[in-house]
Amino acid sequence: MTGLVVAVAVLLASAAFGLVRRARDGKLRESPRPDDGQVLARLGVDGGAEVTLLQFSSAFCAPCRATRALCAAVAAEVEGVRHIEVDAEEHLDEVRALKIMRTPTLLVVDAAGRVVRRAAGQPPSRAHLLAAIGEATRVGGTR
Amino acid sequence: MLDPRGPRFAAMITSVVLVVVLITGSGWLALAQAVVFAAGAASIRYAPYSWIYRKFVARHLGPPPAEREPSEPVRFAQGVGFAFMAVAAAGYLAGAPLVGLIATAGALTAAFLNAAFGLCLGCEMYLLLQRVRARFSTN
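Residue numbers (full-length UniProt numbering), protein chains in the order written: chain R, 1 to 143; chain W, 1 to 139.
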């Protein structure tokens with residue numbers, strides 16, 4: 001009887017967790033954080049591009065592939081956009097500084113080295129990514 | 001590279017088995033599921049539920065999607081599942097059913113999230129574990 005109760009409780013809690021995750025994953029959220037320029041510079045974000053798509057990946061990560069494909073395609077098509085993918089495991093100090101909890105996490109960084117938006121768990125939709133890039137271009141241009 | 005529907009199917013069967021383990025409190029069934037996880041962690045080729053999928057289910061589902069899934073995350077998740085179910089089997093069989101109950105509940109959480117949402121909980125925990133481990137080794 002206890003086992004049945006536990007099973008039902010686990011399934012209900014997991015379903016709730018999964019629904020919340022599904023609603024949040026891949027959303028490009030605003031990223032109100034202080035200047036992370038130095039940390040980002042250590043990862044190769046040097047202001048050489050108008051917008052940098054900085055992707056954190058790991059070996060055990062199924063959605064990292066899809067995120068990589070999307071970012072690579074967008075970087076190839078849109079002028080001034082660069083895609084950098086780093087292995088989160090090899091940069092744990094930076095991962096901690098930037099509060100990266102999961103892979104893939106994608107940071108949209110403007111020319112001034114500020115993280116404009118971030119998405120985790122799943123790749124964002126192409127349209128949302130393009131909108132975030134436009135936003136980063138405008139923000140970077142006004143400085 | 002895997003047909004991504006295979007691991008989802010396997011997670012569905014796993015979820016059913018784990019619910020049965022919880023209801024019956026059977027240590028032997030927990031042990032059997034631990035063995036299944038171990039086989040999958042060794043190689044997806046040997047994973048029994050994936051074999052059932054390839055042999056009997058895939059042909060009825062039409063052509064596989066173009067999107068393929070790397071096998072490393074799936075094998076890693078099977079390894080995490082094995083750890084949980086080894087503890088569960090030991091708990092049930094050694095007369096500590098509470099240990100078995102908690103470990104099986106943990107495994108069911110991961111299996112159900114994978115089956116219903118395609119979420120790999122083990123993979124999500126991986127980076128967090130690395131972060132914690134690095135913190136301990138530097139201090």
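Hints in this document: simulated from the structure, not taken from any laboratory.
Cβ coordinates follow ideal geometry from the N, Cα and C atoms, glycine included.
Errors might be hidden in some of the hints.
[What the hints assert, rightly or not] With the C-beta cut set under 8 Å, the calculated list includes, among others, these residues of chain W facing chain R:
id, residue
1, Val16
2, Leu22
3, Tyr49
4, Leu93
5, Phe112
6, Leu119
For this session: State the violated hints by number, sorted upward, taking the hints as numbered earlier in the document.
Result: Failing hints, ascending: 1, 3 and 4.
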